[in-house]
Amino acid sequence: MRKGLNRHIGIFLLLKSVRMATLLVAICFISFLLIKNSPIDPIQAYIGADLLKVGPEQREKIAEYWGLDQPVMVQFFNWGSALLTGDLGTSMIYRRPVAEIISERFLNSFVLMITAWLLSGIIGFAMGVISAMKKDTWVDKFIKWYCYTLASTPTFWLGLLMLIVFAVWLGWFPIGLGVPAGVLAEDVTIADRINHLILPAITLSVVGVANVALHTRQKLIDVLASDYVLFARARGEYGFGLFWRHGLRNVALPAITLQFAAFSELFGGAVLAEQVFSYPGLGQATVEAGLRGDVPLLLGLVICSALFVFIGNLIADLIYYVLDPRIREGRMI
Amino acid sequence: MIVTVIAVIFLLSIVVGRFLLDEGRIATNLTIRNAPPSFDHLFGTDWLGRDMFTRTIMGLSLSMGVGLIGAIGSASIALILGMAAATMGKMVDRMISWLIDLFLSVPHLVTLILIAFTLGGGFKGIVIGIALTHWPSLARVIRAEVMQIRSAEFVQVSQKMGKSRWFIAVQHIFPHLIPQVLVGFLLLFPHAILHEAAVTFLGLGLSPHEPAIGIILSESMKYLSSGMWWLAFFPGLCLLIVVRTFDTIGENLRMLIDPTRAHD
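The listed protein sequences derive, respectively, from chains A and B.
Just so we're aligned: 247 in our numbering is position 242 of the first sequence, and the numbers increase by one with no gaps anywhere.
Just so we're aligned: 350 in our numbering is position 138 of the second sequence, and the numbers increase by one with no gaps anywhere.
Bound conformation, chain B alone (with noise of 0.2 angstroms):
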């Protein structure tokens, strides 16, 4: 529990630690450029004079922004279709089954980078193709959530008593969803970011002029040659911490819910 405070605590201060970071200090100046790590810059600065600490937090608030829209869409349109393939008959079920093959079927990866280039690249391209690319394993861990309460007895006595499809699956159904699908939604954020950190870094992401972490690394690629480590390191280790924070909230939370598990 303790950990779950302080993680959150963590991740709130970088989302407040972008606004209260002076812009200034990413602007270019080259009387202190390419010098390592100190405490005037805890994470250095780049072949500009930028001061690499505020262009990590930047680019990580930037990050969990997509990940966080881009795990919301992801987490509708699993639930969305998750129910429908639960309530909606064997047709389709059948359907979204072959839906989630289909997305199952070619990698993460390459879907991304084929959506990025169909719109073009930039922030709707990598949100739209994050949102379009994580659902199916949500998708068919609701499914199966919503087949159990389906079977329980206080849903087919509504069905008896001659409730409509619509109002059993918002009024029984859902209820019992929402903590399957919060906990799927904070298990996907961290693939999310990832993700986009991985598309951004591949070129097919952010534009340049954006402080993400992507583009920070793959500048960074350029300079590991001359020695200069800094510019690559810290930013990772920054995306790294924050991922595993996300995991570990999530984790939590779904011994929380799942007493199955929670004497793991």
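If we strip away everything but chain A, and leave its shape as in the complex, we get (with noise of 0.2 angstroms):
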């Protein structure tokens, strides 16, 4: 049985594994030609203020020397072969290889996105359930009205406001950047980091909160319309005991997935109260890129936040296949 359920397993990953890389190959095909079509020279980016000291000739060498002068379909295919070494190009903006800017500025996000990911995992799912067990009473209503407000709040507004409330009326926290001001950084300790991170990551749960908590509501109505909650009612079981033996496992695996299906939206979320928080994670620098006309660095995010949304998907869906056995027996027809 175990050996079985190993082999679907592995055929699974292979399947999802080869959709993921036909999607990958159309991304970063697409967004290379999409990139290529942009009205901002890559020359004029990368030379910026020094447009006076830069000759027609001079601008021939750098159009060489980056491969620019080449048909756009060998520039692709270029940068694709040296993509699949494992070399993303240098930023142009940092003058630093982009996998480096990557994997630096990544481990910040992650931070931030995990922090405000469980934050709002474990809010949003407690704030569903005590809404459907009270269902129909003022907490529920409140509970409903909140969700759905903070569904239709500008995550970069909600930022605004607690900059303007934490960090300049009551000054608890400090108002951008992940690391203090003026400090070298092999002084900066944990506390600092930490500091830093609380508002963008209370943010973010906050918006995060609203998908999970209106599903959960859902579902756990639905549970609790069932038969054998009804038998259980009729056993004498009720309030908190009812829900830990009958409700919580039905509800947790969807929530739990669809946590890791909203990968997507942490990330769009997250690009934003970067922006607001001056925070170095992965979404300030794809802003940057895109401003300042990062051609490699842009590409790099590209296919980095496509893979990042690829993960979450894939565990939602492993997640359902190995816990569920439904969904097995319904994919191996």
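Simulated from the structure, these hints should not be mistaken for laboratory data.
Pulled a few chain A residues facing chain B out of the computed Cβ check, cut under 7 angstroms:
#, residue
1, Thr158
2, Val173
3, Val292
Quick list of in silico lysine-lysine cross-link-like pairs, DSSO-like style, CA-CA up to 30 angstroms:
#, chain 1, residue 1, chain 2, residue 2
4, B, Lys336, B, Lys434
5, A, Lys21, B, Lys302
6, A, Lys41, B, Lys336
Note that the Cβ used here is the ideal one computed from N, Cα and C, for glycine as well.
Build the complex: two chains, separate frames, hints provided.
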């Protein structure tokens, strides 16, 4: 039995990876074409302020150095084959390898996103459960109203409000940046980092709660309407005990998978939150690359974000696949 | 129902209000700059003495315009692809579901940045970006709906009578989709507005000369530390209210046409 399951998961993973590979190649190709057609001249973006000091011959030299004088398809294959060996090129604004920048920034973003992800998941789940258990009371109405309102709240505005209240008025937290200004990199303590992380993480979690809460509420209401819950109630079970024995397992799985599948929104939220709090993560790098025309970095970030989303979806599918036998049987017809 | 009517009136008043407001109120007037909210300037004034209330209303109507065009574009793409996926055979269906996966596999905001970058920002970039990123979920809904209608008896009878695919799609299936598309469009709208504001806020959308909400908020960031909270608070709150209003209208309409949700 165990062996069969492992083989099934193997096949499942293989199929998923093939699909992902086709998608990734398409994403690489499309984004490459899109960026090549942009009106922003990469040479101009590279030269920047030294406009007058660079003559036409030097421009040609630069174009030759970056390979910009060749046809687009040749450029794509050069870039693609470099990509396969793990070389993402050199960032024009940072003058450092893209892979290095992304891995460094990813760590910052990852800490932020994982904190927000856990917080929003736990709080959202609890809110959904309370709301469903107390269906149609004022608690439920309040939670529903709150969730719907949050779903229409601009993340960046919430971030600005947090800054105004907690950083400017109360002065509890620093106004921006991932580390204190004017302190050497080796002197930055863990406490400093955490201090700078709190506001963006809270902003992201507050916004992320809505989806999980509403979903969990709906699922739990369905579960509570089922026959086995009716029977349990007839036996005299109620309240938290009832939820613990009959509700939790049924609603935890969809909630966890939903959280994993929401990686895409998490990333989008992180872009905005990082911009508001000037937190040095992937999102801020994406915005900067877009604004200043840094082609290699932008391409690297698009691929990186696609991988991130894909891993989230894969984990979500896999959890269902491993834990819920019904899905496995459905797939194997 | 009353809620919906009030909501529609509220939204219309913003659009109309844009034309009633005096352009002179957003002219630079250094004698009244940095004024906190008062009865004369409901939302206060900024560092150039421009009235924030007027700027907010103008920004909102601009955002709604961008959202409207983007959402129409998105809903049309969703309608066409959703119908194509369900009626044009297995191969097309697979291709379209692959396309949907493609668009869902990169975060919306990153796609928007990419498209805005390609088109050099501005109004065009943001509208096309929004139209191209928001269709996948609606396309899935429409595909499922068409699948259901396709197996209905009247469609099969029509098929047996030798009607062409095009005739069936336009005459039999499309009329059933109108409510779904309409509600889908209304529910797309708030997302479109939010994403427009977000991309503009990041500096990749509308140009800084336009009174867009995103621009107002990103400018306000510079003045937050000096305690000018009204620059960010009111425009954002208005954006939130507008988005929430659209959402309410959409949800109410959905309850009207979807009997399974009517008791919620």
